[in-house]
Amino acid sequence: MDTLNALLEGFGNALTPLNLMYACLGVLLGTAVGVLPGIGPAMTVALLLPLTYNVDLSSALILFAGIYYGGMYGGSTTSILLNTPGEASSVITAIEGNKMAKAGRAAQALATAAIGSFVAGTIGTVLVVLLAPTIADQVVKLGAPSYLAIMLLALVAVTAVLGSSKLRGSCSLFVGLAIGLVGAGTGQPRLTFGSPLLADGIDIVIVAVAIFALGEALWVAAHLRRRPLEVIPVGRPWMGKQDWQRSWKPWLRGTAFGFPFGAVPAGGAEMPTFLSYVTERKLSRNPEEFGRGAIEGVAGPEAANNASAAGTLMTLLAIGLPVTATAGVILAAMQSYGIQPGPQLFDSEPLLVWTLIASLFIANALLLVLNLPMAPLWASCCRSPGPTCTPASSSSPRWAPTRSTSSGWT
Amino acid sequence: MSTTKAQPPTAAAPVTIDRAQYGLAAFLAVVGGYVIYDASGLEPGFADDPLGQKAFPYAVGAALLVLGMLLTVATMRGDTPQSEEGEDVDLTQGADWFTVAKLIGVFAVNIVLVDFLGWAITGAILFAGCAGVLGSTTHLRNIAIGAALSVSTWYGFYVGLGVPIPPSILDGVL
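If you read the protein sequences in the order shown, they are chains W and Z.
Each step along the first sequence adds one to the number in the working numbering, with nothing skipped, and position 163 is 163.
Each step along the second sequence adds one to the number in the working numbering, with nothing skipped, and position 17 is 17.
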């Protein structure tokens, strides 16, 4: 059992005090930014990219993976308590979750979301362990033409999936490629406007911060919500026997929907959460409850959401394709260490990969512990005023020394 | 993404034309045109490089020109972008350009002053300025929070990460 040994070695590395600290920090930060208004996981990882200048790669990845998973837990909290899904993947959760909360069942909604996320995340990560090395082995056999095809697939997939308009997706894709042209990496200066500062190209950190931090701050400023949202107060999440009986099947079905969709380059989390919702409504013994706060409608989509996140990481590790914005920024972080994520990763950096996978299990367990007893605290975070959170996110030294990280594209 | 206005969802209403998109289309065309112009000045590649240095920029530039045209056509047909929603984003009202302008001003002040005053000072100004622009009224408290954040990030980078950020005017104090 090569895989098992490698995984155990990964656990050994992930459980060192330093890495465990990064995992804790990651899930705390991730949950916080998921709950806090005005800042999301992609932006947080982008703002923390300067860490990659000095922190060990495996520690940085553990931190980022924790933020990625934590952001999803936090996102479901705001969906349920505030009816404001921070991202497309938790829109479906808000439908039934907020109805449940309004009917005084916020505790059960949060519990089924948190436990469902844990179940789905754990199963999803087990599937990553089982499938990713096999897929990587297959992909390694491919030649240069296939790599080009995969790159094109990645670009097209990101263009087609992120956002509803393919035309606007293509516009940003090609503006991005134009930014990638800047520099003298090919021997002749291209698009440098004669400035030696541009000869190294434009650092990915700068692009990421410009889009996810500055762009987001300006967008929020233009459309700032002036009246505070109503937060539904909640006690400690718990579930009765009936809630468990109604939840466990949707968790498993949601996982079955979420993982494959997350792993497919054009899948994402929106489709499986929606499919899971529709399935649960069809299979439910009391379909009239749907639309009025059915626990199945929270359990299934939340599980699908987290399983798709695990699937996303499998594609990222085994093939090197980012499927979501956060995965894209994590990919950029890996590249800034001079590591090209892709099929060779399992052979060239086995310890790194398995440490990351082990840390996913740890992050998941930490999140469950963190979210169940501390839900009332996070709920009070929802009430924090937007105007103090957004500027905090824009206040990060964004002119840290640059270092050439131009990718292999130009 | 940036040049959008919140349009109320109207199904049967007459075609709404989001004129701001013409600006984006023009921007795409200008970028595409410049990419092609810049590539035309490159030296041809060597014989072992069949594609040469020009091919990729030409492709990107041409695609940008085509996309600019497509966006213009789509805009004329009444295609409007979907605005990004968020926890503290309220799309029921139009864009508040005054706040955006003030925020850009705060960013610009930071860019101008950061070399001279150093991050520890401009970071505090940046935080307090942003918070004030976005509607916070507790200015003294904001300055205190901003100063604490900027000084701690400065030390965090300098000591924790070993990335020396120039102290500028506070050289010797920090």
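In case anyone wonders, no lab produced these hints; they're calculated from the structure.
Glycine is no exception: its CB is placed at the ideal position from the N, C-alpha and C atoms.
Be a bit skeptical, because a hint or two may be false.
Claimed, not checked - Computed from the model, here is a short list of chain Z residues facing chain W with C-beta under 10 Å: (1) Leu28; (2) Val31; (3) Asp38; (4) Glu43; (5) Phe56; (6) Ala59; (7) Gly68; (8) Ala74; (9) Met76; (10) Gly78; (11) Asp79; (12) Trp97; (13) Thr99; (14) Val133.
A quick look at each hint next to the structure:
no. : hint   : result
1   : Leu28  : holds (6 Å)
2   : Val31  : holds (6 Å)
3   : Asp38  : holds (5 Å)
4   : Glu43  : holds (6 Å)
5   : Phe56  : holds (6 Å)
6   : Ala59  : holds (9 Å)
7   : Gly68  : holds (8 Å)
8   : Ala74  : holds (6 Å)
9   : Met76  : violated (13 Å)
10  : Gly78  : violated (13 Å)
11  : Asp79  : holds (8 Å)
12  : Trp97  : holds (7 Å)
13  : Thr99  : holds (5 Å)
14  : Val133 : holds (7 Å)
Hints 9, 10 from the earlier list are contradicted by this structure; the remaining hints agree with it.
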